[in-house]
Amino acid sequence: SRFYEMTEPFFEWLTNSYRNSLESFMKTRWVAFVIVILAGVLVATLWKFVPSELAPLDDRSMLRMSVVGPEGASYEYTDDFMQNLGKSIQDSVPESKMILTVTAPSFAGSGAVNTGFVRITLSERNERIRSQQQIADQLSKITKRFPEAKTLVAQDQTISMGGARGAQLPIQYVLQAPNFEKLRLLLPKFMEEVQKNPVFSISDVNLKFNRPELQIVVDRDKARSLGISVLDVVQAMQLGLSGQRFAYFSMNGKQYQVIGQFERNNRNEPLDLKNIYVRSASGQMVQLDNLVSMQEMSSPPQLYRYNRYVSATVSAGLSPGKSMGEGLKAMDEIKNKVLDDSFSTALLGPSRDFAESSSNTLFIFVLALVLVYLILAAQFESFIDPFIIMLTVPLAIAGAVLSLWFFNKTMNIFSQIGMVMLIGLVTKNGILIVEFANHFKLQGKNKIEAAVEGAVARLRPILMTSIATALGALPIALALGAAAKSRMSMGIVVVGGLLFSLIFTLYVIPAVYSYLSKTPKSLQNE
1 SRFYEMTEPF
11 FEWLTNSYRN
21 SLESFMKTRW
31 VAFVIVILAG
41 VLVATLWKFV
51 PSELAPLDDR
61 SMLRMSVVGP
71 EGASYEYTDD
81 FMQNLGKSIQ
91 DSVPESKMIL
101 TVTAPSFAGS
111 GAVNTGFVRI
121 TLSERNERIR
131 SQQQIADQLS
141 KITKRFPEAK
151 TLVAQDQTIS
161 MGGARGAQLP
171 IQYVLQAPNF
181 EKLRLLLPKF
191 MEEVQKNPVF
201 SISDVNLKFN
211 RPELQIVVDR
221 DKARSLGISV
231 LDVVQAMQLG
241 LSGQRFAYFS
251 MNGKQYQVIG
261 QFERNNRNEP
271 LDLKNIYVRS
281 ASGQMVQLDN
291 LVSMQEMSSP
301 PQLYRYNRYV
311 SATVSAGLSP
321 GKSMGEGLKA
331 MDEIKNKVLD
341 DSFSTALLGP
351 SRDFAESSSN
361 TLFIFVLALV
371 LVYLILAAQF
381 ESFIDPFIIM
391 LTVPLAIAGA
401 VLSLWFFNKT
411 MNIFSQIGMV
421 MLIGLVTKNG
431 ILIVEFANHF
441 KLQGKNKIEA
451 AVEGAVARLR
461 PILMTSIATA
471 LGALPIALAL
481 GAAAKSRMSM
491 GIVVVGGLLF
501 SLIFTLYVIP
511 AVYSYLSKTP
521 KSLQNE
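Position one of the sequence shown corresponds to residue 1 (this note's numbering), numbered consecutively onward.
These aren't lab readings, by the way, just hints derived from the structure by calculation. Ideal Cβ positions, reconstructed from N, Cα and C, are used throughout, including at glycine. A few of these clues could be false.
Have a look at the derived ranges for each label pair, beta carbon to beta carbon [to be verified]: (1) L100 to Y277: 49 to 57 Å; (2) A44 to L516: 19 to 27 Å; (3) K189 to K222: 34 to 42 Å; (4) K222 to G253: 47 to 55 Å; (5) K329 to E12: 25 to 33 Å; (6) Q83 to L471: 50 to 58 Å.
With a straight-line cut-off of 30 Å between C-alpha atoms, the simulated DSS-like cross-links for lysine-lysine are [as the list claims (entries may be wrong)]: (7) K27 to K485; (8) K485 to K48; (9) K208 to K87; (10) K48 to K182; (11) K254 to K322; (12) K189 to K150; (13) K337 to K196; (14) K445 to K518; (15) K322 to K48; (16) K97 to K141; (17) K208 to K189; (18) K485 to K428; (19) K208 to K182; (20) K189 to K329; (21) K144 to K329; (22) K335 to K196; (23) K428 to K322; (24) K329 to K150; (25) K97 to K150; (26) K447 to K141; (27) K222 to K150; (28) K322 to K196; (29) K329 to K141; (30) K447 to K518; (31) K27 to K208.
All chains should be built: construct the whole structure from the sequences, respecting the hints.
What follows is the structure in structure tokens.
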């Protein structure tokens with residue numbers, strides 16, 4: 001055809017050029033081992049500089065905000081704050097389609113009256129100029145104008161293996177202490193270091209010492225001298241302050257509760273203890289403040305346990321450009337600096353998902369390597385030929401990691417999937433070269449000639465399949481289409497790994513084959 005006549009001269013020139021360059025390379029073919037070693041060094045070096053995370057955040061047109069007011073705040077106080085916050089969001093985010101504010105949300109049982117939740121639904125990505133991340137950054141700045149309550153802005157994780165509803169920050173770091181007093185002593189120091197660390201944009205902890213508490217200590221000697229027991233003091237306070245139901249009475253056919261409690265204006269201040277009297281053994285009424293001393297302190301409204309240890313969960317948001325891997329590494333460094341060996345740590349939420357996915361993906365990668373090697377060993381009836389073919393993998397991984405580093409992308413579950421895909425994609429090129437080299441060797445050619453002829457004979461199929469696969473993955477690498485940002489790293493890994501491996505495979509595999517290949521068993525039998 002006319003197209004064949006136009007393109008064939010180019011492919012003939014390409015084949016001849018490749019043959020000449022490969023024959024020249026085979027004169028110093030020991031360089032192939034250097035290239036493989038350098039590829040391994042490149043992977044080990046750049047791996048440290050590529051940030052890691054579970055998955056990049058997709059623009060899902062959805063934001064969540066979590067609000068926690070002062071301990072002891074009333075429902076009216078929190079509801080008024082939520083209404084003001086909702087109006088401010090509506091004025092600042094014209095891209096919003098719906099703003100839902102909930103006071104005292106009950107996602108897990110009865111909600112505390114000092115908490116709130118906001119869900120913001122945005123217009124579709126192609127209908128707005130600002131991205132979801134830009135809007136979230138603006139909302140974080142807006143919340144600083146509302147010091148009456150602590151507000152956290154969070155985006156839905158691209159991948160979640162189950163977990164809590166509501167706004168959830170990516171870093172969830174659990175501190176486990178041997179006892180409560182030790183945790184109370186060191187937790188403020190830990191949080192101070194977290195707040196100073198530039199890796200984190202915002203931080204919070206679930207164990208807060210913000211509930212006001214009045215500790216009353218009875219002077220037992222003085223009370224005993226007056227014939228008053230500690231039980232008498234407790235019962236007097238219980239009658240006036242607890243609001244407990246003591247009995248029922250009936251009147252006009254209806255039943256009413258008998259509740260012991262002073263009027264609110266008589267029990268708001270510590271000095272109101274003067275209004276409580278206790279009868280002594282002699283029958284005299286003694287003011288309670290003559291028998292007790294008071295100490296104001298704060299305590300947590302709720303205690304937490306994790307794996308049977310007293311615990312506190314530190315949550316943190318990441319600064320722009322920082323990854324989850326960097327955040328967890330910073331937390332570990334702070335832990336080693338502030339806490340002693342009696343503390344242990346654990347991960348929750350997105351952080352635990354990230355750690356589990358990393359270990360699982362590594363296992364899958366190794367399993368894929370072993371499986372491919374065993375299949376090739378059965379196919380070629382040799383353990384040497386599959387080893388030669390598998391040398392394409394470090395070349396591809398080097399190209400993948402180099403591409404991630406160059407384009408400033410993260411090592412995440414999608415890029416790891418891309419690397420597993422590369423095992424099958426690049427070993428195919430090695431199979432083509434080794435299989436045809438064995439064929440030429442059976443015809444009586446020596447190993448160098450067989451390697452060269454096999455590589456040249458399969459040049460066009462290798463180029464065709466590799467370039468076609470790279471072009472097929474190119475739309476993913478360019479982040480074209482809905483929710484493409486999270487999968488962009490997978491496309492970059494596939495395209496970069498394929499092209500990088502393609503260039504070096506055409507030279508490294510024939511060179512290594514000329515050193516390591518052995519005569520097939522079928523030829524030995526003959």
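So, going through the hints one by one against the coordinates:
1. L100 to Y277: 49 to 57 Å: 52 Å, holds
2. A44 to L516: 19 to 27 Å: About 24 Å separates the Cβ atoms of A44 and L516, which means 19 to 27 Å holds.
3. K189 to K222: 34 to 42 Å: Holds: the Cβ-Cβ distance is about 40 Å, inside 34 to 42 Å.
4. K222 to G253: 47 to 55 Å: Holds - the Cβ-Cβ distance for K222 and G253, about 49 Å, lies within 47 to 55 Å.
5. K329 to E12: 25 to 33 Å: 54 Å, violated
6. Q83 to L471: 50 to 58 Å: 54 Å, holds
7. K27 to K485: Answer violated: K27 to K485 is near 46 Å, above 30 Å.
8. K485 to K48: 23 Å, holds
9. K208 to K87: 29 Å, holds
10. K48 to K182: Roughly 35 Å separates the two Cα atoms, so the pair is violated.
11. K254 to K322: Violated - the C-alpha atoms of K322 and K254 are around 66 Å apart, more than 30 Å.
12. K189 to K150: 20 Å, holds
13. K337 to K196: 14 Å, holds
14. K445 to K518: 13 Å, holds
15. K322 to K48: Within the cut-off at roughly 14 Å; holds.
16. K97 to K141: 21 Å, holds
17. K208 to K189: Holds - the C-alpha atoms of K189 and K208 are around 13 Å apart, at most 30 Å.
18. K485 to K428: Holds, at about 29 Å.
19. K208 to K182: 15 Å, holds
20. K189 to K329: 18 Å, holds
21. K144 to K329: Between K144 and K329 the Cα gap is close to 27 Å, so the pair holds against 30 Å.
22. K335 to K196: 14 Å, holds
23. K428 to K322: 37 Å, violated
24. K329 to K150: Between K329 and K150 the Cα gap is close to 26 Å, so the pair holds against 30 Å.
25. K97 to K150: Distance ~25 Å between K97 and K150 Cα, so the pair holds.
26. K447 to K141: Answer violated: K447 to K141 is near 68 Å, above 30 Å.
27. K222 to K150: The given pair, whose Cα atoms are some 45 Å apart, is violated under the 30 Å limit.
28. K322 to K196: 15 Å, holds
29. K329 to K141: Within the cut-off at roughly 26 Å; holds.
30. K447 to K518: 9 Å, holds
31. K27 to K208: Between K27 and K208 the Cα gap is close to 71 Å, so the pair fails against 30 Å, i.e. violated.
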